[in-house]
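Note that the protein sequences, when read in sequence, are chains A and B.
Just so you know, the first sequence maps onto residues 1 to 202 in our numbering.
Just so you know, the second sequence maps onto residues 1001 to 1202 in our numbering.
Honestly, the hints are just simulated from the structure, not real lab data.
Hints are not guaranteed to be accurate.
Unchecked claim - Computed cross-link-like contacts, BS3-like style, restricted to lysine-lysine with a CA-CA straight-line distance of at most 27 Å:
{"no.": "1", "chain 1": "A", "residue 1": "Lys-37", "chain 2": "B", "residue 2": "Lys-1169"}
{"no.": "2", "chain 1": "B", "residue 1": "Lys-1126", "chain 2": "A", "residue 2": "Lys-23"}
{"no.": "3", "chain 1": "A", "residue 1": "Lys-137", "chain 2": "A", "residue 2": "Lys-169"}
{"no.": "4", "chain 1": "B", "residue 1": "Lys-1023", "chain 2": "A", "residue 2": "Lys-2"}
{"no.": "5", "chain 1": "B", "residue 1": "Lys-1015", "chain 2": "A", "residue 2": "Lys-15"}
{"no.": "6", "chain 1": "A", "residue 1": "Lys-15", "chain 2": "A", "residue 2": "Lys-2"}
{"no.": "7", "chain 1": "B", "residue 1": "Lys-1023", "chain 2": "A", "residue 2": "Lys-15"}
{"no.": "8", "chain 1": "B", "residue 1": "Lys-1169", "chain 2": "A", "residue 2": "Lys-23"}
{"no.": "9", "chain 1": "B", "residue 1": "Lys-1126", "chain 2": "A", "residue 2": "Lys-37"}
{"no.": "10", "chain 1": "A", "residue 1": "Lys-75", "chain 2": "B", "residue 2": "Lys-1002"}
{"no.": "11", "chain 1": "A", "residue 1": "Lys-23", "chain 2": "B", "residue 2": "Lys-1002"}
{"no.": "12", "chain 1": "B", "residue 1": "Lys-1169", "chain 2": "A", "residue 2": "Lys-2"}
{"no.": "13", "chain 1": "B", "residue 1": "Lys-1002", "chain 2": "A", "residue 2": "Lys-126"}
{"no.": "14", "chain 1": "B", "residue 1": "Lys-1002", "chain 2": "A", "residue 2": "Lys-137"}
{"no.": "15", "chain 1": "A", "residue 1": "Lys-37", "chain 2": "B", "residue 2": "Lys-1075"}
{"no.": "16", "chain 1": "A", "residue 1": "Lys-37", "chain 2": "B", "residue 2": "Lys-1037"}
{"no.": "17", "chain 1": "B", "residue 1": "Lys-1037", "chain 2": "A", "residue 2": "Lys-15"}
{"no.": "18", "chain 1": "A", "residue 1": "Lys-2", "chain 2": "B", "residue 2": "Lys-1002"}
{"no.": "19", "chain 1": "B", "residue 1": "Lys-1169", "chain 2": "A", "residue 2": "Lys-126"}
Number of protein chains: 2
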Amino acid sequence: MKISENIDALINALKILPGVGPKTAKRMALNLLSTNKQGAELISNSINIALDTIRPCQCCGVINDLEICNICSSKTRDNDLLCIVESTSDLFSIEETREFSGKYFVLNGLLSPIENIGPDDLRISKLIEICEERNVKEVIIALNSTLEGEATSYYLLDKLEKTDIKISKLAQGVPAGGDLNYVDNNTLKQAFSWRRELEKNK
Amino acid sequence: MKISENIDALINALKILPGVGPKTAKRMALNLLSTNKQGAELISNSINIALDTIRPCQCCGVINDLEICNICSSKTRDNDLLCIVESTSDLFSIEETREFSGKYFVLNGLLSPIENIGPDDLRISKLIEICEERNVKEVIIALNSTLEGEATSYYLLDKLEKTDIKISKLAQGVPAGGDLNYVDNNTLKQAFSWRRELEKNK
């Protein structure tokens, strides 16, 4: 017997979230409505505020609150070091490491003939423009190590080949804390080919 | 470097959802804002509609759109059979089985001295009132098999002991598809004590 159209509608809406199936959506909806109405309001308000204010940075393409994002307009970050990422999410992950001091370019996708995503969809001309304007010295390609990621990397390499820009790619190898027994063959092969000579104490 | 206050606010808000940690919240927020704005709007609208319309049924306590819920006001469901559940969520789970044809009473909690939940918080007097009004013949206690669930079951048994109402409790035993090797000791013990004699073909 149907209990409530509106609860069912909320359960269906929550299934939109990545990784949320029917059971989890039900749990979330009933938790919000029975014990956490303030939380529900907060989520709804945060979504509305974000939807009203968020837009892509005109320069690097990251989604944020400003026309030109904090990183692109920063005076303290290296202007001649550019990291190319697939998505805002990847940019967030790299920022969390506090390891990278340059600027970013967000492709917002990867080349994929199946999904009909070509070079024009990735704003490659804007990327070339930024490289020339800022006199970029090094481009770090930080794309996922998937078929589409590799294809896009090679396309970018091809596009930038004639410039003086140094082009690098994230290292592939054994993850930190990884056990060799559980690392797949391809990763292990890559870890061999990317091995680095250790310095000896002479 | 902070990219966007509003994205951070949304990530923090999504962490309110049960089972959602910082990584998942980030993934959800960026997925909604970069590739699924319509979905984000739908979630926000569904939350607002549900918050505006949802209230507890005056009779059984289930959260729903009506003053008296569809089940309590149904003419087709057994009026003298009452299933006591902890939460709306448990009621949804039982309804999904389509096995139960009676009505419900939702305690919206379990007795818990630690969380300061006493009998008055569980509307026990309303439960007794319903039992008398409807001339209930059987009460099925369908509470979680936890310490609080058991304590609440015994309390309910004590309250209803002097009536003529038949009181039963959900069976405990091996779950459907369960492997005896992976069933814990307590469950196995319970399965022995709840065993049922099989009928012989004479």
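Against the structure, the hints come out as follows:
| no. | hint | result |
| --- | --- | --- |
| 1 | Lys-37/A / Lys-1169/B | violated (32 Å) |
| 2 | Lys-1126/B / Lys-23/A | violated (30 Å) |
| 3 | Lys-137/A / Lys-169/A | holds (14 Å) |
| 4 | Lys-1023/B / Lys-2/A | violated (35 Å) |
| 5 | Lys-1015/B / Lys-15/A | holds (16 Å) |
| 6 | Lys-15/A / Lys-2/A | holds (19 Å) |
| 7 | Lys-1023/B / Lys-15/A | holds (18 Å) |
| 8 | Lys-1169/B / Lys-23/A | holds (25 Å) |
| 9 | Lys-1126/B / Lys-37/A | holds (24 Å) |
| 10 | Lys-75/A / Lys-1002/B | holds (14 Å) |
| 11 | Lys-23/A / Lys-1002/B | violated (35 Å) |
| 12 | Lys-1169/B / Lys-2/A | holds (25 Å) |
| 13 | Lys-1002/B / Lys-126/A | holds (24 Å) |
| 14 | Lys-1002/B / Lys-137/A | holds (25 Å) |
| 15 | Lys-37/A / Lys-1075/B | violated (32 Å) |
| 16 | Lys-37/A / Lys-1037/B | holds (23 Å) |
| 17 | Lys-1037/B / Lys-15/A | holds (14 Å) |
| 18 | Lys-2/A / Lys-1002/B | violated (45 Å) |
| 19 | Lys-1169/B / Lys-126/A | violated (68 Å) |
When held up to the earlier numbered hints, the structure conflicts with 1, 2, 4, 11, 15, 18 and 19 and fits the remainder.
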